[in-house]
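Number of protein chains: 4
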Amino acid sequence: MAGNTFGKVFQVTTWGESHGPALGAVIDGCPPGMELDPSDIQKDLDKRRPGRGGGESPRREPDQVEILSGVFEGLTTGTPISLIIYNEDAQSKAYNHLQQIFRPGHGDLTYLKKYGIRDHRGGGRASARETAARVAAGAVARKVLAENDISVIAYTVALGDVATSRRNMKDITKNRLYCPDMAAAVLMEEFIDTVRKRGDSLGGVVEIQATGCPVGLGEPVFDKLDAVLAQALMSIGAVKGVEIGAGFRAAEILGSENNDAITPKGYRTNNAGGILAGISNGDPIIVRAAVKPIPSISLEQDTLNLDNEPVKIKVGGRHDISAIPRIVPVCEAMVCLTLADHLLRQKAIEN
Amino acid sequence: MAGNTFGKVFQVTTWGESHGPALGAVIDGCPPGMELDPSDIQKDLDKRRPGRGGGESPRREPDQVEILSGVFEGLTTGTPISLIIYNEDAQSKAYNHLQQIFRPGHGDLTYLKKYGIRDHRGGGRASARETAARVAAGAVARKVLAENDISVIAYTVALGDVATSRRNMKDITKNRLYCPDMAAAVLMEEFIDTVRKRGDSLGGVVEIQATGCPVGLGEPVFDKLDAVLAQALMSIGAVKGVEIGAGFRAAEILGSENNDAITPKGYRTNNAGGILAGISNGDPIIVRAAVKPIPSISLEQDTLNLDNEPVKIKVGGRHDISAIPRIVPVCEAMVCLTLADHLLRQKAIEN
Amino acid sequence: MAGNTFGKVFQVTTWGESHGPALGAVIDGCPPGMELDPSDIQKDLDKRRPGRGGGESPRREPDQVEILSGVFEGLTTGTPISLIIYNEDAQSKAYNHLQQIFRPGHGDLTYLKKYGIRDHRGGGRASARETAARVAAGAVARKVLAENDISVIAYTVALGDVATSRRNMKDITKNRLYCPDMAAAVLMEEFIDTVRKRGDSLGGVVEIQATGCPVGLGEPVFDKLDAVLAQALMSIGAVKGVEIGAGFRAAEILGSENNDAITPKGYRTNNAGGILAGISNGDPIIVRAAVKPIPSISLEQDTLNLDNEPVKIKVGGRHDISAIPRIVPVCEAMVCLTLADHLLRQKAIEN
Amino acid sequence: MAGNTFGKVFQVTTWGESHGPALGAVIDGCPPGMELDPSDIQKDLDKRRPGRGGGESPRREPDQVEILSGVFEGLTTGTPISLIIYNEDAQSKAYNHLQQIFRPGHGDLTYLKKYGIRDHRGGGRASARETAARVAAGAVARKVLAENDISVIAYTVALGDVATSRRNMKDITKNRLYCPDMAAAVLMEEFIDTVRKRGDSLGGVVEIQATGCPVGLGEPVFDKLDAVLAQALMSIGAVKGVEIGAGFRAAEILGSENNDAITPKGYRTNNAGGILAGISNGDPIIVRAAVKPIPSISLEQDTLNLDNEPVKIKVGGRHDISAIPRIVPVCEAMVCLTLADHLLRQKAIEN
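Protein chains in written order, with our numbering: chain A, 266 to 616; chain B, 266 to 616; chain C, 266 to 616; chain D, 266 to 616.
Derived by calculation from the structure, the hints in this document are not laboratory data.
Please note that a few of the clues may not be correct.
If several chains are the same, the list does not tell them apart, and a pair holds so long as it fits within one copy or across any two.
Below are the EDC-like pairs computed for lysine to aspartate or glutamate, each with C-alpha atoms no more than 16 Å apart in a straight line [said to hold, decoys possible]: (1) K530 with D567; (2) K462 with E300; (3) K378 with E615; (4) K577 with E565; (5) K579 with E565; (6) K378 with D548; (7) K439 with E454; (8) K530 with E574; (9) K530 with D572; (10) K439 with E331; (11) K312 with D567; (12) K579 with E522; (13) K312 with D572; (14) K579 with D567.
Modelling step: build the complete structure from the supplied sequences, incorporating the hints.
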C-alpha cells in the first residue's frame, strides 16, 4: 500500500536510496523455467548508465546487477527473483549543503512534510537513481514478453521544442539520444549544448511502441491496459503527461477522422494506439510520455531554507541537462512491466 | 485482479452492464460515523444524467440510487456500502442488429476476442453507462474529502478545437457544458450543432481541480499521486491522454521556466500542478484529460461482421454527440476516489 | 483493505447486514464462457437455509438469489458477477432491547469500540446471516472447480463431545446434520435436544474434503494452500481452530509415523492432508474447523450495558442451538472459494 | 499474487533460497521516524540461530543482518526497508544425492510438479531457512508494536506428547526450549535425547501471547484478526494446525461455559483468546500452533526417485530433531507482522 510495488501477477517491489549502500528489486510471479542470466539485465541497465556525453551526469556508476535468488542453473524457478545493484560512486558530501535548503522542482519539501524526515543525500528515494531498479526488473519482464514474441522499444520524439519529423526505427541506435530521425538528433544535440551553456535544462517527449502484442490484454474497467500504462509512465519522476495513440489530438478531431475503420486486413489507421475499450487490439501499442526539464539547474532560483527564510540557490553537483536520453530505457522498462503483468493476468482466465 | 476494483483503503468495486437489470458499486473502507444520505449521491448522479439538450442522448434514465448496506440511521458504519442503480430504460432490441457487426472505435471486437463472448446490448460492460456506478461511489468519496476541507471540481476547457480562453469558475454552473468561459460555451454549442447535422461526433478536454488538499498525499514510487490520477482518468473509456500541471507543455519549456520558485508565501507558479515527486504540495491539483470523439456516428464507416466480411455501418440508436459534458462529473468522481483513498492511506502512517 | 474481499484472481467482495434491505456478493475474475444459472447457486443456499428442525432458528428466509450482472444468455461473460439476496423476514424490533446491552460471546462491544457505531439489529454485519453471501459466491466457485473435476464436500465429525467413529460418505445426505455416521447422528440429535432444554448451546467440528485437486495449487511462502484455507475457515465467525491432515495430532507423534511414504501408487498415508510445503500433492485435501457453541443462550449471563453497569442478560430471539449444521455449507463455500482462486492463480504461471 | 508478500499496510516481501547467495526481506509501509538499528533485528535473529544444543542442526550461520535502505541516521524514513542476510555456511554438495530423490514429508515433489523445476539444494525456497527473513522483518514489526505498548511472546507448551502443566513466564528464557515450565523442560530434553538416538524426530505445540493490544484491531469479514493470524502461522512450513483461545476445546464445551462473561473489570475468562467477531477485545491474544515432526529423519523410509522408481532413503545432512525451539521466534515474528499490519490498518479509518 505504500506504493513501492507494481503489478499483480508479475509483481515488482523496488527499494533503495540514491546514496544508500545499494538499491534493488524483488520480482514475485515470474514464470518458472525461463532462461535468465545477469547479462540479460545488464544490457538494459547499460542503456541508462551515465555516459561521457555532453548532456549527461558525469557520475560514474558501473551499475552492476547481481541476481540473489529465484534462478537455479540459469533458469527461473518460480520463486522471487531478487536483484541488487550496489551504489559505488555516491559522493554524499556533495549534497551536504542541500540539507538546509529545498530545491525548486524537487521533492525535498514534499518528502519532508509527508514523512517528517528525509534522506537528503542525492534526493534519497526521490532520486532518478531509483529507476535503475525498474530497468533491472523491466529487463526480466522483457524476457517474458520475448518468449511471447512481444517487443518494446522507446525513442525520443521531441527534445524541448525540437521535434522529430519522421520515425526511422533503424536510426534509434545510431545516436546517443535514441532519436529515430538523425537530422533531428543533430539539432537536439546543438540545443543541448546551448542550454548547458546557459546553465538551464530541458525536457522532451518519449514515445514507446510495443509490437506483437496479442488481442485481449487489459482488464476493464479500472485496470484498462491504457490506464495502467498511464500509471506506469506517470510514476516516473519527470513525466508530467501521458497519451495513447492520437492522444490529445483525438480531442480536436471529429469522430469520423478518429475512428479506425476495420478491414479484413486489420485496422486502417491506429489512432487508438493499439488499445480499444482498455483491451489490446493487436495493433502496435503507441504511448507517449511528456518529460519535464530536469529541475536541477545552475541558474539562480528563489527558494526557502529549513527556517522558512527566502534564499537563493544554484544547484551544482553532477546533473544531467535533460532526463532524455537516460529516461528512455526507463519508459521501456515500465511498459515491459505492464505488458508482462497483463499477459500473465490474461492467462489466468483463458482456457 | 480482473480490474473492477479501484483504491486500496477507500476501495470501490463496480459491476453491471448497460442493459442488465442493474449496476452498482460496493465501497469497502469508508470511515465510520460519516453522515450519508442517498440525496448526497443523487446530486452527483443527476449531473451525468442524459438531458434534453442538443448534444446528449435522449435515453431516459432516472438513475435513482439506493443504499443497500453500510449505513445505519444516516451514518456510515465502517462496513461495505453497497449502492445500486436499476436500469429502467434499456431498449435492448435497438441493439440487436449490432450483434453481428463490430462498431469501429468501440470495444466490440476486443471484448469478444478477450473473453470469447460478449454482451452486445448497448455495449454491455464497455458502455459509458458503467460510469454511473463510478459517479455514485465518487459522491461518497467527495463527502470524505469535504470532511477534510478538500473540494474537487471539473470543467470543460476545450470542445473539439474550440478552447476556453479563461477560467471563470462562476460560469461553470451557468452553462450546460460546465465551461468556465461563457463566450466559449456559446461557440461550443454552435460547434455541437454543426457536428450533429453532419452526423459526426467530437471530443474535447476536461480539466479537474482539487483545492484544500494537504501536503503529503501520494505514495512513491509507483503510486505517486499523479500516477494514480493518470490511471484513474485514463480508465474512463473515452480518455486518451492525461497531463498534470504544465503537462505536455513542460516538455517544451526550459527548467528555469518550468520550476516553481518557492517563497515564504508559497510556490510562485504551479507548473507542477500541485504535485512534486508524486506527493501533493499543498497547491491546487490540476489535471487534464483528453476526451476522444464518441465513436458512434451516423456517417457510414467500414467494418467487419462476425463472419469477417467487410460491411458498411451507420450507427443509429440514442447516442450523445460528445462525451462532454456528461463525462465531466465522471472525471470529478475519479479524482475524488483517488484523493479519498490517498487521504486514508496517509493516515495509516501518520502519528 | 477493510477486509470484505477474498481471493486474488477469483475475487469475492461481500456486503450486507442482517437486517438491512439485502446482502450480496460481487465476484470479479470468474472465467468467461461458463454456464451459470441462479438454480446452481440456489441449491447451495438451500443447504444453509434455516429449517424446521429442532436445533435451528425458526427465522424464515427464502434466501432467493438473483444474478444482476456478468451473465449473458446463461454464460458468464468475464465481467463482475453481482449476486443479491433480499432480506425478507427481518424482525428488527425483536432486537431493540439489545441496543443497550452487550451480549457475551458476540461482537457487540468490539464492533462498537472499533467503529464508534454499530448496527445492533440482529448483529448487523457480524451476524451469521452474512455467510449467505459467501455460500452464494462459493456456489459459483464450485462450478469453476467442477469444470476441472474438483469436488468439495463438508460434513460434521463432532457435535459437542459426540464424535463420529466412521466416515461413511453416503450417510452425509441422509441426516439433517450432514454427519457421515448415522449412529452418531442419532446421538447428536439427542444431545441437541438435551442442550436445548437446558437453554444452552453447543459447537462441534466440521471436516472438509476436496478431491480431484491437481498437484501444484498453493503459493509459497505466505499464501501456502493450507495457510489460505486456514484464513478462509477461521474467517467464519464461529470457527476457533483449523487443522490440516493429521493436524494437532501431528504434534504428538514421531516423524517416522507422520511422514507419508511415497510409493509408485501414490502416498501411503495422508497425514499431510493433501498439502506438502503449502502446495497440493494430488491426495484428497482434508481440513477441519472447530466450531464454538453459539453464544446466544437463554441462560442468564453477566454482562454490561451501554453505561458500563453490570446487568444480567438472557438472549431470546430466534437462534440456533448450534452453528452446525448450517455452518457446514459455509465451510464448503470457503474451501471452494480458496481452491478456485488458487486454480486460476496457478494458470497464470503455467505454460 | 505469487504469495511472497504478507500484510497490506505493513507489507513484507521475502526472497531467497537456502543455498543461494543470500536471503532477505523488503518492508514497505513502516511508519517513518522510528528508531531502527541492525541490533534490534539481530537480537531476534539470534533466537532462531542454530546452536550447539542437542536437538538442533549443527549448521553454523552467523545470520548477520544488514539494512540496505529505508533508514537514515538511525531513523526509518517511510521508504522501503531492505534487509539482507548472506548465506555463509551453505554446503550444497551435501545435498547432491538428494537431487534424484524425493524426501517424504518435504516439498520436493510438489515444488517440482508445480514449477517444473526445483532448486534441490537444502530444500531451496522450501527450506526452514526461509524463515530467517521473516524473523528479521518481524523484529521491525515488533518495534512498531513496542511504540504502541504491545508485546508478543511465544513459548513451547508441548513437545511431542510432553505437555507443560503451567505457564510460568519467567521460566521461558531460562531453558533452551522457551518452555514456561522448568519441570516439563527437563522431560522434553530427555525426550529429545531418546528420539535423537532412534534417528527419529518430533513436533510440538507453540503458544503465542500478545498483550497490550488495543480493542479494535481486525477487519471483518475475511480479514478477521484471528483469520489472518491463522494464515500467518499456518504459512510456517511445519505448522499443521492453529487455534485461538479455547480453540478445539471450544467445540466440546457448552455455550454457557465457553462465553466470557463481561464485568466492569473486564472479561471474566478468556476463551475467546482476545478476539471477538474477528476484532481484538483488549484481552491478551492467545494463539497456538501445532508443529509437525521434522520430516528429515535418519530412519529408512520408502520413496521414489526421479524415474518414479521405489527407493529407500535415509536423510542425513545437518538437521534439527525438532522444529522447536527454533520455530518459536518464527511464530513470534508472524504474530508481530500480523498485529503491526492491523494496527496501521485501523489507523487509516480512525479519527
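Here is how each hint holds up against the structure:
| no. | hint | verdict |
| --- | --- | --- |
| 1 | K530 with D567 | between (58 Å within a copy, 12 Å between copies) |
| 2 | K462 with E300 | neither (47 Å within a copy, 45 Å between copies) |
| 3 | K378 with E615 | between (46 Å within a copy, 11 Å between copies) |
| 4 | K577 with E565 | within (6 Å within a copy, 62 Å between copies) |
| 5 | K579 with E565 | within (5 Å within a copy, 60 Å between copies) |
| 6 | K378 with D548 | between (44 Å within a copy, 14 Å between copies) |
| 7 | K439 with E454 | within (13 Å within a copy, 50 Å between copies) |
| 8 | K530 with E574 | between (65 Å within a copy, 11 Å between copies) |
| 9 | K530 with D572 | between (66 Å within a copy, 14 Å between copies) |
| 10 | K439 with E331 | neither (29 Å within a copy, 43 Å between copies) |
| 11 | K312 with D567 | neither (35 Å within a copy, 43 Å between copies) |
| 12 | K579 with E522 | between (49 Å within a copy, 15 Å between copies) |
| 13 | K312 with D572 | neither (41 Å within a copy, 46 Å between copies) |
| 14 | K579 with D567 | within (9 Å within a copy, 59 Å between copies) |
In the structure shown, a violation is registered for the earlier hints numbered 2, 10, 11, 13, in ascending order.
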